[in-house]
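> Below, each chain spelled out in residue letters.
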Amino acid sequence: MEWIEPKTDWLPTDAINYDDFNRIENNISYTLNYLKQNYFLLPQLNIVTNRTNRSIDYLSSINRIEANLEIIKGKLATPIDWQDTKKWEINNKFSYEDANRLEESIRILREISSLAVENYSYCGVPICGEGGLIY
Amino acid sequence: MLSISNEYKQAIYAPSRMVKVRVTFDISELTLDDDVVTTNTSSEFIISDKQQLTDKQRENTFNYATLEDDRFKLDGSFSFADENINNNKIVGWCSEKLSDNDGVFQENLLLTFNFNKFHSSGGITISFDVINNEYATDFEVQAFNNELLVLKVEVVDNQDARSIIFDEFSNFNKIQVIIKKWSKPNHRARVAEVDFGITQVYTDEKLVSCSLVEEVDLMSSTIPVSEFTFTVENSDKAFNILNPYGIYKYLQERQKIVAELGVELENGIIEYYPLCNFLLRDWISDEGSLTTTFTARTNLDLMETIDYENEVAKLDYSLYQIAYDLFTMCGISNFEIDENLLTVFTNGIISKTNCKEALQMVAIAGCCTVIVTRENKIKLQQIKQIPNIVDEIDLENMYIDPQIQLEKATKTVRVQFYEDMENPDFVEVNKNNSQGDVLSLENNTLINSREHALTVANWISAVKNNRAIYTIDWRGNGAHELNDIVSIENIFGNSNRGIITKNQLNYEGYLSAITEARGEVN
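Chains as they are written, first to last, in the working numbering: chain E, 389 to 523; chain H, 29 to 550.
Do not rely on the hints blindly, as some may be mistaken.
In silico EDC-like pairs for lysine to aspartate or glutamate, Cα to Cα no more than 20 Å straight-line [said to hold, decoys possible]:
| # | chain 1 | residue 1 | chain 2 | residue 2 |
| --- | --- | --- | --- | --- |
| 1 | H | 101 | E | 485 |
| 2 | E | 395 | H | 98 |
| 3 | E | 474 | H | 72 |
| 4 | E | 395 | H | 103 |
| 5 | E | 481 | H | 35 |
| 6 | E | 475 | H | 97 |
| 7 | H | 117 | H | 72 |
| 8 | H | 117 | E | 477 |
| 9 | E | 395 | H | 97 |
| 10 | E | 474 | H | 98 |
| 11 | H | 117 | E | 445 |
| 12 | E | 481 | H | 299 |
| 13 | H | 212 | E | 407 |
| 14 | E | 481 | H | 98 |
| 15 | H | 101 | E | 397 |
| 16 | H | 101 | E | 486 |
| 17 | H | 101 | E | 492 |
| 18 | E | 474 | H | 111 |
| 19 | E | 481 | H | 294 |
| 20 | H | 101 | E | 491 |
| 21 | E | 481 | H | 110 |
| 22 | H | 101 | E | 407 |
| 23 | H | 125 | E | 445 |
| 24 | E | 481 | H | 72 |
| 25 | H | 101 | E | 477 |
Bear in mind the hints are in silico, worked out from the structure with no lab data behind them.
Full structure from sequences and hints, please.
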């Protein structure tokens with residue numbers, strides 16, 4: 389599963405389609421797998437990436453996406469520019485701001501995942517050099 | 029006060045606001061309403077309910093997001109549906125199949141309606157996806173007399189989400205709508221409502237003015253009738269009596285008129301709230317000004333036309349039961365009776381009168397107000413606890429300073445009661461003030477004991493404390509309802525508390541209001 393560059397410039401005049409939601413969840417899956425491959429303990433998440441133009445996302449779907457973001461973030465330090473996730477209820481309106489937030493959130497999570505993995509100090513491994521720790 | 033969003037509250041009192049009124053006028057044969065026996069359709073999407081095609085709801089409650097090509101706009105108008113389908117309220121009918129790249133359905137979509145009786149109509153109105161302005165561009169309407177095709181109307185290149193097919197639909201007992209092409213490629217077809225008559229929706233383009241007057245008498249000494257009046261442009265002479273092709277001949281008393289008041293929110297979306305759901309009372313065309321004015325009233329009008337009399341004393345008969353019997357007798361099912369009336373008993377004797385006056389006697393004997401809501405629900409309501417202030421009317425929103433008038437004080441309240449129908453007795457409640465009127469309640473034969481009369485007298489005495497009558501000429505808020513408690517700012521830097529007893533909302537491209545409220549003298 390490859391990373392797909394998020395779209396973070398949604399406008400009120402845009403329409404969001406099935407492939408956009410697939411991309412958001414694809415990137416959640418990518419980040420989840422990346423962390424797991426690097427020994428972060430994360431649960432198996434329910435992720436959907438096979439939507440078509442015949443599909444429908446219910447309240448439970450959008451709440452699942454938000455919850456997945458929270459679970460990944462929970463394994464990392466909260467980024468400074470993180471925007472809180474939402475709990476969606478009936479007749480809560482979804483706008484371009486929400487689309488931008490979801491896409492931006494997963495982009496941030498991927499960034500800090502990389503940083504977290506790069507800075508991971510393994511027990512018994514000597515690390516030395518400028519600015520680094522010496523064990 | 030109507031339940032409103034925070035966005036509405038901000039928009040209604042914004043220095044600059046855009047208010048709209050939408051009037052839906054259902055010019056259908058009255059007997060058609062309850063006569064659709066079966067509704068059959070082509071296969072439905074999961075968020076769909078074909079039974080809602082004839083429920084008189086011409087727009088869905090919420091604008092549900094689905095993932096058809098470029099449908100889910102990010103303008104803040106869409107929300108997510110609940111998996112529990114019942115929570116989604118009005119969803120209308122939605123096809124399982126999508127149109128192709130040209131908007132064409134490979135197989136025509138069918139909506140079939142069967143009736144018990146034969147009907148005639150001057151047209152059929154189909155409300156497609158009005159919220160998103162999507163519609164069938166090519167479709168057909170067929171009328172059948174049993175299985176014999178009596179009329180077929182083919183529509184090509186339609187461009188209205190609410191499409192009216194004017195034609196003589198005579199003696200039909202089956203209607204079939206055949207959808208062939210949709211306005212958007214790769215989308216499902218959506219139909220919110222099929223009206224077997226002409227349903228006109230008037231907005232600013234044809235709506236010249238409208239006005240809603242609603243009123244309550246806190247003491248039920250009268251039962252004021254709410255009234256909605258609207259004037260539409262009639263330059264096409266559709267409502268002229270002599271026009272053989274007009275729709276005047278299809279007008280009938282008690283046809284439904286639904287008005288909504290909308291406010292444009294910050295995001296550009298207009299949020300609508302109910303203004304009235306009343307019944308047509310009369311109509312008049314003004315040849316000079318090329319306008320037609322319609323007046324709609326509530327079910328109370330109907331109660332006035334039906335006589336009531338009971339000369340036989342009854343046992344264990346509660347005021348609740350009398351009110352229930354009165355509504356049932358008038359064929360009214362949209363009512364609410366305060367449950368406290370279940371424990372107020374009477375012998376039920378009422379000399380010949382009409383049902384509205386009998387209801388007034390019940391209201392007074394039960395210490396109730398009679399309110400007709402905007403949904404035409406008649407409510408008998410005791411107001412025991414002083415409710416909280418729901419809104420503030422400040423000077424910034426008033427055209428002139430609020431006017432205050434003091435009603436005469438009441439010294440004594442005297443209430444007659446009928447333990448013996450031939451020799452009524454009375455009780456008196458004296459207020460502390462030495463000056464004032466003596467208020468006398470007589471001829472209410474539903475009050476049959478001294479104790480009951482005393483309760484009524486004390487209630488009247490308490491209601492009469494609301495002597496201050498405030499009249500506010502202001503910008504108006506369509507969400508205010510009768511019996512709401514509001515705070516009214518005055519020019520002396522403080523506010524008075526008042527209960528709304530009259531609301532007159534006027535719309536002529538902008539909203540204004542004259543609100544009357546009653547409160548105690550400070």
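> Please name the hints from earlier in the document that this structure breaks, with their numbers sorted from lowest to highest.
Going through the list in order, the structure violates hints 3, 6, 10 and 24 and respects the others.
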